[in-house]
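Make a model of the complete structure from these sequences and hints.
Line by line, the protein sequences give chains A and B. The numbers in the working numbering rise by one with no breaks, and the one at position 226 of the first sequence is 226. The numbers in the working numbering rise by one with no breaks, and the one at position 295 of the second sequence is 295.
Think of the hints as simulated: they come from the structure by calculation, not from any bench. Worth double-checking, as some hints may not be accurate.
Straight line, CA to CA, 35 Å or less: simulated DSBU-like cross-link-like pairs of lysine-lysine [to be verified]:
{"id": "1", "chain 1": "B", "residue 1": "Lys2", "chain 2": "A", "residue 2": "Lys77"}
{"id": "2", "chain 1": "A", "residue 1": "Lys312", "chain 2": "B", "residue 2": "Lys214"}
{"id": "3", "chain 1": "A", "residue 1": "Lys159", "chain 2": "A", "residue 2": "Lys77"}
{"id": "4", "chain 1": "A", "residue 1": "Lys110", "chain 2": "B", "residue 2": "Lys2"}
{"id": "5", "chain 1": "A", "residue 1": "Lys343", "chain 2": "A", "residue 2": "Lys261"}
{"id": "6", "chain 1": "A", "residue 1": "Lys8", "chain 2": "B", "residue 2": "Lys40"}
{"id": "7", "chain 1": "B", "residue 1": "Lys152", "chain 2": "A", "residue 2": "Lys85"}
{"id": "8", "chain 1": "A", "residue 1": "Lys343", "chain 2": "A", "residue 2": "Lys291"}
{"id": "9", "chain 1": "A", "residue 1": "Lys312", "chain 2": "A", "residue 2": "Lys328"}
{"id": "10", "chain 1": "B", "residue 1": "Lys75", "chain 2": "A", "residue 2": "Lys129"}
{"id": "11", "chain 1": "A", "residue 1": "Lys13", "chain 2": "A", "residue 2": "Lys88"}
{"id": "12", "chain 1": "A", "residue 1": "Lys378", "chain 2": "A", "residue 2": "Lys340"}
{"id": "13", "chain 1": "A", "residue 1": "Lys378", "chain 2": "A", "residue 2": "Lys138"}
{"id": "14", "chain 1": "B", "residue 1": "Lys273", "chain 2": "A", "residue 2": "Lys129"}
{"id": "15", "chain 1": "B", "residue 1": "Lys417", "chain 2": "A", "residue 2": "Lys427"}
{"id": "16", "chain 1": "B", "residue 1": "Lys85", "chain 2": "A", "residue 2": "Lys136"}
{"id": "17", "chain 1": "A", "residue 1": "Lys13", "chain 2": "B", "residue 2": "Lys152"}
{"id": "18", "chain 1": "A", "residue 1": "Lys302", "chain 2": "B", "residue 2": "Lys67"}
{"id": "19", "chain 1": "B", "residue 1": "Lys67", "chain 2": "A", "residue 2": "Lys19"}
{"id": "20", "chain 1": "A", "residue 1": "Lys110", "chain 2": "B", "residue 2": "Lys40"}
{"id": "21", "chain 1": "B", "residue 1": "Lys273", "chain 2": "B", "residue 2": "Lys441"}
{"id": "22", "chain 1": "B", "residue 1": "Lys85", "chain 2": "A", "residue 2": "Lys199"}
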Amino acid sequence: MRTHEEIKQLLEKILAFAKPHTAQIHYSWDNSLATRFGENAITQNMSGESENVRIEIFNGLRKGSMVTNNLDNESMKKMIEIAVKMSKDAPEDPELMEILGQQEYPDTPKSFFDDVIQLTPEQVANDAKVVVEGAKAKGYKASGLFEVSANISAIANTKGLFCIEDSTNVSYSTTVHGPMGSGKGFANHSSYADLDIRKVADMALTNAEMAQNPADIEPEDYTVIFEPAAVAEMLGFLIWNMRARDADEGTTVFAGKLGQKMVSDKVNISVVIDDPEIPPAKFGEDGLPIKALPIFENGVLKNLRYDRFWAKNTGNEPVASIFPLAMKGEEQSVDDLVKKCKKGLLVKNLWYIRYVDRRELLLTGMTRDGVFLVEDGKIVGPVKNLRWNESPIVFLSNIVAMSRPERVDSNAKIPGIMSEGFTFSSKSESL
Amino acid sequence: MKEFTDVALNAAKDAGATFADMRIVEERQNRVYVERKSLKLIDETESSGYCVRVLIDGAWGFASNTKLTRDEVAKTAERAAVIAKASAKVPKEIPAVMAPEAKHIDTRVGPCEEDPFAVPNAEKAELLLNCTNAMLSQPNIVMAYGYLQFIKLHRIIANTDGSYLDLTNYFANPMLNCYAVDAGESQSRGFQGGAKQAGFEFIRHIDLEANAAKWAEEALLKCRAEDTPRGIMDLVLDPMHLALTMHESVGHPTELDRILGWEANMAGRSFVKPEMVGNYKYGSDVVNFTANNVLEGGLGSWFYDDDGVELYSFPMVKDGMLVNLGCTRETAPIIGWEKSNGCCRSDGFDKPPINRIPNLYMEPGTDDNLSPDDLIAGVDKGVYIEGMGSFSIDQMRNNFQFGGDMFWMIENGRKTKPLKKVTYQAQTTQFWNSCDAVAGKKWWQPHGVMNCGKGEPMQVMRMTHGASWTRFRNIAVGGAQL
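Dropping the structure here:
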């Protein structure tokens with residue numbers, strides 16, 4: 001692992017090799033430990049480290065790129081030579097943007113924690129063992145992934161730009177199967193110190209126990225209570241459709257909607273850069289600095305994602321990134337949402353979500369790892385998995401109440417949501 | 001390279017490995033991506049690295065590295081051994097063993113008539129820009145995008161069986177699509193032919209430019225088409241569409257690692273049980289699936305899998321009966337099978353190989369003269385679907401819902417009008433048992449899939465499917481509407 005200073009020197013050396021051409025270098029380094037377990041045993045256990053460089057050579061409106069993981073001097077010179085040739089041969093790109101000069105980057109919360117890179121395979125195996133032992137005690141089967149990773153990214157160019165950032169991530173996810181149902185537990189943090197293995201194991205074991213022997217249920221419209229992980233799965237499709245140019249061309253659900261109320265006035269979603277629970281990357285496209293940005297405010301669509309070209313073309317500000325995202329919730333728990341529900345389904349997780357129609361943002365998917373019938377504010381019992389066909393726009397329009405938001409991954413902090421009139425269309429016997 | 005593989009295997013054996021292998025992977029990639037009239041990407045990627053996999057006391061360790069020196073190789077093997085010993089803290093009920101495989105010494109190179117890396121990037125970019133321009137010149141087309149990807153994969157695999165394999169394969173992956181907008185609707189349409197193990201000759205053969213304008217016209221046709229009908233009706237499906245249907249509902253459920261529960265946390269398990277092999281009616285009598293990892297041009301035809309197993313062809317479903325599963329050297333012995341059928345592959349030097357779908361296709365019907373038109377003629381009310389669209393299936397591979405890329409109403413034996421937003425929903429074996437006719441072999445077409453995601457951390461693998469046009473009776477259509 002190189003220090004930031006060493007990385008800067010490496011990129012300066014590559015830029016010197018590229019003289020007199022206009023060049024931009026992207027650097028990335030990754031280190032990971034990943035332990036998979038299935039049927040109460042470790043099935044794969046791996047570690048690896050990789051370091052890559054992307055060299056971009058600009059020639060007017062032409063560009064050539066080379067990527068390699070061989071960072072010795074000879075390799076770099078060879079890559080530059082090929083990229084230069086590529087940039088001469090390539091057709092002109094009328095949308096190619098000039099490289100940026102040095103930018104000012106905001107102070108952001110700490111995102112790199114040494115305790116992650118100090119973990120050993122033995123410690124990771126011991127942590128995997130916690131849920132396995134719990135599952136064995138109940139006669140259940142645990143499977144999962146415990147992955148810890150560290151990453152460094154940097155960009156440097158011949159116009160003087162240099163930016164660098166590092167991050168660590170700890171992800172523990174486990175599914176426990178009983179004979180007639182399953183439950184999931186998960187946690188995702190930037191630091192290993194924040195990970196409570198016992199809590200994750202208990203979540204999966206409890207959910208699995210609750211999910212046994214699900215009853216048959218007819219597919220129809222239900223009030224649903226989605227836990228934060230399920231909400232995040234669905235909102236992902238909303239966010240991936242936020243390119244301003246696509247909306248301007250009329251291919252997405254956001255066409256003509258900027259500045260309009262699209263969903264419930266309870267919906268407030270924004271890019272946040274100061275929340276230590278979801279530290280952002282400092283920069284995005286071409287080294288553009290990250291900025292805080294409202295996406296939905298009281299249900300009104302406030303911003304879309306403008307890339308550098310489309311921003312220039314339309315007179316808007318470019319958006320470096322629309323992650324990490326935070327959605328405001330309400331000061332209550334998912335259990336409180338259950339108490340407020342007269343009749344509905346509590347959904348732990350969603351699975352295999354795909355578009356049915358991109359323009360309408362109509363999606364389909366399945367429930368997974370626990371669906372529970374709620375009546376008069378109490379969980380009656382587990383029910384079988386269902387297929388759903390619904391739009392996140394409808395889901396966010398019909399919000400009744402929300403829970404406190406929580407980190408579901410490094411890019412999102414999301415509440416649980418109770419929403420009315422969610423459409424389920426068919427049944428499954430799969431547990 | 002043998003000096004390095006010897007170092008790794010000796011270090012692994014010294015650490016107590018009962019099996020070990022070293023895989024050195026060099027991958028060269030060339031990509032060109034065009035969006036509208038803009039050349040968004042033109043690049044080449046060269047990566048190389050290696051991994052050492054060791055089995056000690058029935059537990060696995062795996063470590064990868066990019067620095068290829070004798071010292072680094074020895075350290076990598078030692079790290080894999082340390083990891084294997086950590087794995088033993090959460091041991092398997094039955095310690096892992098590898099099914100026996102003969103020692104193979106071989107050097108092979110896959111099909112590639114025209115080296116894609118020698119074709120000028122300018123020519124590739126011009127081809128794509130011509131296609132997107134042709135699409136954008138059609139009425140109401142607002143967005144067109146195309147992509148060409150070429151991969152040269154070079155693997156050296158050496159293992160403690162004494163095998164030493166030097167294997168090279170080339171892959172060509174084209175994509176072209178566009179969006180039309182009309183009266184508040186937006187629909188897409190594009191190339192649906194998939195990828196192939198080949199060089200640039202495959203790109204010349206498919207002639208994207210000749211069809212670009214037609215696909216653009218059809219995108220607008222979809223915008224103006226009627227919405228899906230709703231109800232129980234018949235389906236006629238083209239080979240490109242069926243590639244995805246069989247991938248999800250036959251390929252994945254017959255992977256033995258899923259069946260054993262190893263993918264339960266993410267990709268899911270399977271409704272199939274090992275004891276179903278030989279006595280479970282997966283489909284009707286006209287349904288025959290073959291796993292063929294020596295299929296010419298097949299994306300899974302790698303000569304040897306990453307377990308060092310020599311690849312071959314075997315039936316998966318025969319006259320509707322499930323007769324086999326896809327397995328690896330580790331999964332096969334667990335259900336008492338003596339040998340792996342070669343379904344173990346990794347997507348890079350830094351990932352361990354896992355159980356993957358082989359090249360898997362549906363055999364054509366026995367009546368060579370039975371045509372797609374004949375299948376349509378036998379439908380009173382139904383839908384004809386071309387290409388891939390929406391797709392989703394539950395984690396046990398039972399309940400699925402599929403869309404498509406182009407749809408036509410069938411009424412009284414004739415295609416009558418275009419449709420949009422069609423989906424159908426079924427349970428896997430209900431669906432395959434409702435199949436009543438398969439067109440003859442002259443209508444059989446392969447389709448290479450480049451983006452099959454599975455495993456944790458995610459690995460992306462490639463394989464080829466294939467079929468003739470096929471008919472299904474009494475399927476639920478149109479359940480997905482706002």
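How the hints compare with the structure:
no.	hint	result
1	Lys2(B) to Lys77(A)	holds (28 Å)
2	Lys312(A) to Lys214(B)	holds (33 Å)
3	Lys159(A) to Lys77(A)	holds (20 Å)
4	Lys110(A) to Lys2(B)	violated (45 Å)
5	Lys343(A) to Lys261(A)	holds (28 Å)
6	Lys8(A) to Lys40(B)	holds (27 Å)
7	Lys152(B) to Lys85(A)	holds (21 Å)
8	Lys343(A) to Lys291(A)	violated (42 Å)
9	Lys312(A) to Lys328(A)	holds (31 Å)
10	Lys75(B) to Lys129(A)	holds (27 Å)
11	Lys13(A) to Lys88(A)	holds (23 Å)
12	Lys378(A) to Lys340(A)	holds (9 Å)
13	Lys378(A) to Lys138(A)	holds (25 Å)
14	Lys273(B) to Lys129(A)	holds (27 Å)
15	Lys417(B) to Lys427(A)	holds (31 Å)
16	Lys85(B) to Lys136(A)	holds (21 Å)
17	Lys13(A) to Lys152(B)	holds (29 Å)
18	Lys302(A) to Lys67(B)	violated (49 Å)
19	Lys67(B) to Lys19(A)	holds (28 Å)
20	Lys110(A) to Lys40(B)	holds (33 Å)
21	Lys273(B) to Lys441(B)	holds (32 Å)
22	Lys85(B) to Lys199(A)	holds (27 Å)
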